[in-house]
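Please work from the sequences and hints to get the whole structure.
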Amino acid sequence: MNFFCLVTNVLNIFASSFKRSGLLRKHQAEQLEELLISGEVHTGRGLNQERALQWPGDTHWGSHYKTLDNLIVLFPSVIHVLEFTGCEFPNYTNRLLAKTLVVMKFDFAFLLHLMWKVPMMTNELSSSLQRMYQDIVNATGFLALTKQRLQNMRDNEFESLMDDVSSFCDKHDIAIPEMNSSYFPRNSKRKDLDVTYSHHLHVEIFYVVIDLHLQELQIISML
Numbered sequence: 000m001n002f003f004c005l006v007t008n009v010l011n012i013f014a015s016s017f018k019r020s021g022l023l024r025k026h027q028a029e030q031l032e033e034l035l036i037s038g039e040v041h042t043g044r045g046l047n048q049e050r051a052l053q054w055p056g057d058t059h060w061g062s063h064y065k066t067l068d069n070l071i072v073l074f075p076s077v078i079h080v081l082e083f084t085g086c087e088f089p090n091y092t093n094r095l096l097a098k099t100l101v102v103m104k105f106d107f108a109f110l111l112h113l114m115w116k117v118p119m120m121t122n123e124l125s126s127s128l129q130r131m132y133q134d135i136v137n138a139t140g141f142l143a144l145t146k147q148r149l150q151n152m153r154d155n156e157f158e159s160l161m162d163d164v165s166s167f168c169d170k171h172d173i174a175i176p177e178m179n180s181s182y183f184p185r186n187s188k189r190k191d192l193d194v195t196y197s198h199h200l201h202v203e204i205f206y207v208v209i210d211l212h213l214q215e216l217q218i219i220s221m222l
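Using numbering that gives the first Met the number 0, read the sequence shown as starting at 0 and increasing by one per residue.
Any given hint might turn out to be false.
[To be verified] DSSO-like mimics (lysine-lysine), calculated; alpha carbons at most 27 Å apart, straight line:
1. K104 x K116
2. K104 x K65
3. K65 x K146
4. K65 x K98
5. K146 x K98
6. K98 x K170
7. K25 x K104
8. K25 x K65
9. K116 x K146
10. K18 x K104
11. K18 x K65
12. K25 x K170
13. K98 x K25
14. K98 x K18
15. K65 x K116
16. K18 x K146
17. K146 x K104
Simulated from the structure, these hints should not be mistaken for laboratory data.
What follows is the structure, encoded as structure tokens:
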């Protein structure tokens, strides 16, 4: 399933139910209270404001970035509510989606962090290209800088991304698969024992996502 399609379906599940939205806010508030008591977060103006799931306002990467940023913060609460209410969905597709997301928590967490980091790097370029009277020299500079950042991420930052995802999963009690074990795609007959979980994440997802963005930027540079 396409990642953003999955995200949209998750947003729909909560937007269509006052009960699930209420449970999401309640769990978020309980988590924040626990963090305040433990001293892991602090109060203050503009700090620890309540987050909400929201659709991207448009197709621009900046809008997707805000949506994914909120979803990362709310992810443990989203999983909690789906585990608690998953069997109550009247729609079979939504029940299947909830079950799938609960089962593939690590996979989704990895994609979530990756797809959050990429638009973080491209957001400055996206904003400059949206300005009607943007200086072409500045736009070209942003384009070159963005390509350089993405290439550096591709070459040097997979381990850093894995550290972030692993830390996130440890914090929220999400099981981390054995990276050297063989990877078998769901609903696939592939029996290639040489493909490890690490290879799947690194080559079949990480490289592919970044290469697609680099290709898009190359097309833009040729216009």
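Going back to the hint list, which numbers does this structure go against? 5, 16 and 17
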